[in-house]
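Here the working numbering is used: the first residue of the sequence shown is 35, the next is one more, and so on.
Derived from the structure by calculation, the hints contain no laboratory data.
Glycine included, every Cβ here is placed at the ideal spot set by N, Cα and C.
Each hint should be verified, as a subset may be incorrect.
[What the hints assert, rightly or not] BS3-like cross-link-like pairs, simulated, lysine-lysine; straight-line CA separation at most 30 Å:
| id | residue 1 | residue 2 |
| --- | --- | --- |
| 1 | Lys145 | Lys184 |
| 2 | Lys104 | Lys306 |
| 3 | Lys205 | Lys145 |
| 4 | Lys104 | Lys241 |
| 5 | Lys363 | Lys349 |
| 6 | Lys363 | Lys263 |
| 7 | Lys104 | Lys365 |
| 8 | Lys363 | Lys205 |
| 9 | Lys256 | Lys219 |
| 10 | Lys263 | Lys184 |
| 11 | Lys219 | Lys205 |
| 12 | Lys363 | Lys219 |
| 13 | Lys241 | Lys145 |
| 14 | Lys162 | Lys241 |
| 15 | Lys205 | Lys195 |
| 16 | Lys104 | Lys256 |
| 17 | Lys104 | Lys195 |
| 18 | Lys219 | Lys145 |
| 19 | Lys184 | Lys162 |
| 20 | Lys241 | Lys219 |
| 21 | Lys184 | Lys104 |
| 22 | Lys205 | Lys241 |
| 23 | Lys219 | Lys162 |
| 24 | Lys365 | Lys349 |
| 25 | Lys162 | Lys263 |
| 26 | Lys330 | Lys205 |
| 27 | Lys104 | Lys349 |
[Claimed, not checked] If you anchor each label on the Cβ, the simulated ranges turn out as follows:
| id | residue 1 | residue 2 | range |
| --- | --- | --- | --- |
| 28 | Cys135 | Asn224 | 52 to 58 Å |
| 29 | Leu48 | Trp93 | 51 to 57 Å |
| 30 | Phe312 | Ser177 | 33 to 39 Å |
| 31 | Glu315 | Ala242 | 26 to 32 Å |
| 32 | Ile88 | Leu48 | 53 to 59 Å |
| 33 | Ala360 | Asn224 | 32 to 38 Å |
| 34 | Val49 | Ile321 | 17 to 23 Å |
| 35 | Ala242 | Phe94 | 40 to 46 Å |
| 36 | Val269 | Ala172 | 36 to 42 Å |
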Amino acid sequence: MTALAILLVLVLLLVVFGLLFRLQILTSIFSGTFTRDIGMSNSVNAVLFLVFLIGGGLWFAYSFAENFNKMNPPIASIHGHAMETMFWTTMAVIAVPFVLCHVLLFFYSYKYQHKEGRRAYFFAHNNKIEVIWTIIPAVVMASLIFAGWKAWTRITGPAPKESVVVEVMGKQFNWLVRYPGRDMKLGVVNYRLIDATNEFGFDLNDKAAQDDFTAAEIHVPKGHPVLLKIRSRDVLHAVYSPHFRVQMYAVPGMPTRFWFTPTMTTDEMRAKLGNPGFNYEVACNQICGRGHFAMKVNIVVDEPDDYVNWYAAQKSFAEQNPDIMAAFKQKANSVVSQSAKPAEVAEAAPAPLASMSH
């Protein structure tokens, strides 16, 4: 407490001395006795502007070149190339006027530093210049927005009918992954049924849910459209996969979607990077709590035949949890007549997978 009191007293004394100094300057101005000798400080500051411009520009150029590959991982999806083109077009449109304005700003600070006898030119207004620097940025920005809107509607609009469907649900602090079974339909889920085992809240009274399965990682086939159905179980998350140029919020209570077509398998990307330990991944890039750093799940891009084999080897949630399935059946039997026959789950391979296996 004593140290805090001493600090407060020192701060108050500095404030008082500052006010007294300003009062003295104002008094001198009103009395006509105030003069300010600029000396060398103005020239020094003008030179420092140039030093900062050149030094800062060189440091930025070095840093940009050194980290370019880290900022721009190889593209592994079809739409990623269009997104990359749009990004760098936008960066060029922004960077050119930004660099030009700042070069002139720092250079003019040096060139037009204060000198005795020099007076600034008073430029009141020019309608032509006002029109030019209003219309040109407006047209350029509108063009960029229109191009972005077209790209956005493509990747968030209806996916091709043959798309592989994967549901990704974020929760603190991991991703849950669900696939439709052989009927190619995701079944009903109910948040009231969520517990430590049934994390998705499978409602196994729904036939479509009985063959759905969960996975510890996301598997997708190369060259085949993939539709990600995205949602959140608690707070705001984000599905972010930089190699596929995928970025979409996972919003509580508002399902979102994103579809893409992978073009390089995991093994092909490992060979390209010379990194046998590489894995594609989905990461959460919205800070969602203390365990945010742990929200990652691997994406494995398989050859189509390998994907078919992996898919065929998966067991449904109902098969892996017979006790939960039995509880649902018991509850259903108490309501439905004993003579009702349970529906059989189709054993035929789903159309998209069957087409890829040939």
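Hinted pair lysine 219 and lysine 205, Cα distance within 30 Å | 23 Å, holds
Starting from lysine 363, check that the Cα of lysine 219 is at most 30 Å away, please.
-> 21 Å, holds
If you draw a straight line from the CA of lysine 256 to the CA of lysine 219, is it 30 Å or shorter?
-> Holds - the C-alpha atoms of lysine 219 and lysine 256 are around 21 Å apart, at most 30 Å.
Is it true that the CA of lysine 162 sits at most 30 Å from the CA of lysine 263?
-> 51 Å, violated
30 Å limit on alpha-carbon distance, applied to hinted pair lysine 104 and lysine 256 = 24 Å, holds
Given hint lysine 241 paired with lysine 104 - CA-CA distance at most 30 Å | It is violated: about 46 Å lies between the C-alpha atoms, which goes past 30 Å.
Do the Cβ positions of phenylalanine 312 and serine 177 conform to the proposed distance bound of 33 to 39 Å?
-> 37 Å, holds
Do the Cβ positions of valine 269 and alanine 172 conform to the proposed distance bound of 36 to 42 Å?
-> With a Cβ separation near 38 Å, valine 269 and alanine 172 satisfy 36 to 42 Å, so the hint holds.
Pair hint outcome, lysine 365 versus lysine 349 [Cα-Cα no greater than 30 Å] | 23 Å, holds
Are the Cα atoms of lysine 241 and lysine 145 separated by 30 Å or less?
-> 78 Å, violated
Range agreement (Cβ of leucine 48 with Cβ of isoleucine 88, hint 53 to 59 Å) = 36 Å, violated
Under the criterion that the straight-line Cα-Cα distance not exceed 30 Å, is the pair lysine 363, lysine 205 satisfied?
-> Given that 30 Å is the threshold and the Cα spacing comes to 29 Å, the pair holds.
Hints 1, 3, 4, 7, 13, 14, 17, 18, 19, 23, 25, 27, 29, 32, 33, 34, 35 from the list above are not met by this structure, while the remaining hints are.
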